[in-house]
Amino acid sequence: MKFQPVIGLEVHVQLKTNSKIFCGCSTAFGSSPNSQTCPVCLGLPGALPVLNKQVVEFAIKAGLSTNCSITPRSIFARKNYFYPDLPKGYQISQFEEPICQHGWLDIQVEGQDQKRIGITRIHMEEDAGKLVHGEIAGLEKGSGVDLNRACTPLLEVVSDPDLRTSDEAVAYLKQLHQIVTWLGISDGNMEEGSFRCDANVSVMPVGAAQFGTRAEIKNVNSFKFVKQAIEYEIQRQIDLIEDGGTVVQETRLFDPNSGTTRSMRGKEEAHDYRYFPDPDLVPLVIDPAWVERSRSELPELPEKKKQRFMESYSLPAYDADVLTATRALAEYYEECLALQTNPKAASNWIMGEVIRGLNDSGLPIEECPVTPRLLTDLLRLIEEGTISGKIAKKVFDEVWKSGKDPKTIVEEQGLVQVSDSSAIEAIIDDLLAREAGQVAEFRSGKDKLLGFFVGQVMKASKGKANPAVVNDLLLKKLKG
Amino acid sequence: MKITAANVEHVARLARLELSDEEKNLFAGQMDAILAYVEKLKELDTDGVLPTSHAVPMENAFREDVTEPPIGTEKALANSPDRADAFYRVPQIIE
Ligand SMILES: [Zn+2]
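In order, the protein sequence lines correspond to chains D and H.
Letter by letter, the first sequence follows residues 1 to 480 of our numbering.
Letter by letter, the second sequence follows residues 1001 to 1095 of our numbering.
Since the hints were made in silico from the structure, they are not lab data.
Here a beta-carbon is modelled for each residue, glycine too, at the ideal position from N, C-alpha and C.
Watch out, some of these pointers could steer you wrong.
Stated by the list, open to error - With a Cα cut of at most 25 Å, we get these calculated BS3-like pairs of lysine-lysine:
hint, chain 1, residue 1, chain 2, residue 2
1, H, K1075, D, K88
2, D, K479, D, K448
3, H, K1075, D, K130
4, H, K1024, D, K141
What the hints assert, rightly or not - Just a few of them, taken from the derived set where beta-carbon distance is under 7 Å, the chain D residues facing chain H:
hint, residue
5, Q36
6, G138
7, M204
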């Protein structure tokens, strides 16, 4: 029997606010345990949560950027369950009337048609605390609870069960990740848990009308693991069914070390959450004017920018894709363009030398020592014929190291390209006299030797000879 | 809806309450009576009335995104029954 996997994703995005969603405690990562807490996030009796307005602004922006409609009147609910990282015994979340609904993203898997993935809802909620095991004095027996993370603002983005392969799931996640970081509403740091994914996976016989029973895989924290976890889970369910078993609805944990998923018993019977409206938090009313103001504040989104780069600057799709990978990189490119440079040349240099330099140094683009000003100055030197492209790479490395402007480096190091034909002629004459054998071979028809001669001349000129002039003169002399 | 001892048992388990069979039966009867009383509201015509989530007609209470001083680890842990270092300590949770 052939099986069709069905995948839906729930993504928790931690928002980049200064303070928590319902209290004034800091959201800074890495503080000492339980130091960022107050009666509200500790869940002490009588404490009153008050909604952080920035969270609402961020949620609206996320919704508008994923084609959702913004719910005019939404409410908060209590999701009741017991777990040691949840001090109140309930999580404040949204159930009925989440702030954003009915959105979509168009995803692109290489070699396939674009596909639209529905977004069921986006809702605001508070995070739970963190549990710590072992490693701490006094925790040999028992677990530790750190409530610094409790009450940190999250958006939960729930997709429709529209995904069919692990590649589609990863494409969807990458796009969502790009949008939230582009908007600046989350740092998207997956290692620190700012972008976490739960995957609902089921399989059904091809052509079946009804989805199979699904398993929920928790907290898969890298794009690579998402792919692995989904693929493992699909195969596990198929094997199980083919062996005559049945899939049970359960929560499973992905183990990155073995690449497998395993059942997480214990959290099971808590699945009856008994949601009800939280009386501590008043309804949230968002009028059309608010939505429109938010819409007007949105930056140009990656997909739009990509299209514009292709249309306005005739960039290939590949270039446009690379340059819009992050908002900062796209802005770097646009700063270059504002300095009147050749769009394709700038793109080539950014995709090549700039990105290579950033990867080698580990620097973010914002801290690139070769600023748009310096890069475009360098490109101008090439365009004007002052230096060759090859020398330019050397100059680029110098600019990176010293921060000096390219013109100064070229002057100081005497790198100006030699286009003066008499100087080049002298080198050529000298070479041809030394390599009489090769010259004879060339003349007898071994055209490929031209590359050898060019290389030798360039070497003798320390790379400074103008390659076009070298080519011309060489041909003239060799054929003459 | 008739509340049964099984319903009571389910709700009790969610609330981490351990009840005797006697108690389950006792509470089933009491809860059933309460719900029957509330059922009376169904006699009202509520067409066109939105479900009430809050008794007070109020909306949009916000705070600005500004940090305030936390109470500090010692105060946070002051009433905890058990601690280890700066953590609350709870029975071992196996992930
Ligand atoms: Zn707090």
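Hint check:
1. The hinted pair formed by K1075 (chain H) and K88 (chain D) meets the criterion: a straight-line CA distance of about 18 Å does not exceed 25 Å.
2. With a CA separation close to 14 Å, the supplied pair K479 (chain D) and K448 (chain D) stays within the 25 Å bound.
3. Restraint check for K1075 (chain H) and K130 (chain D): the C-alpha separation of about 19 Å stays at or below 25 Å, so the hint holds.
4. With a C-alpha separation of about 35 Å, the suggested pairing of K1024 (chain H) with K141 (chain D) is violated against the 25 Å cut-off.
5. The beta carbon of Q36 (chain D) comes within 5 Å of a beta carbon in chain H, closer than 7 Å, and the hint placing it at the interface holds.
6. A cut of 7 Å between beta carbons decides the hint on G138 (chain D): the least distance to chain H is about 3 Å, and the hint holds.
7. At about 30 Å, the closest approach between the beta carbon of M204 (chain D) and any beta carbon in chain H exceeds 7 Å, and the interface hint on this residue is violated.
Hint violations for this structure: numbers 4 and 7, all remaining hints satisfied.
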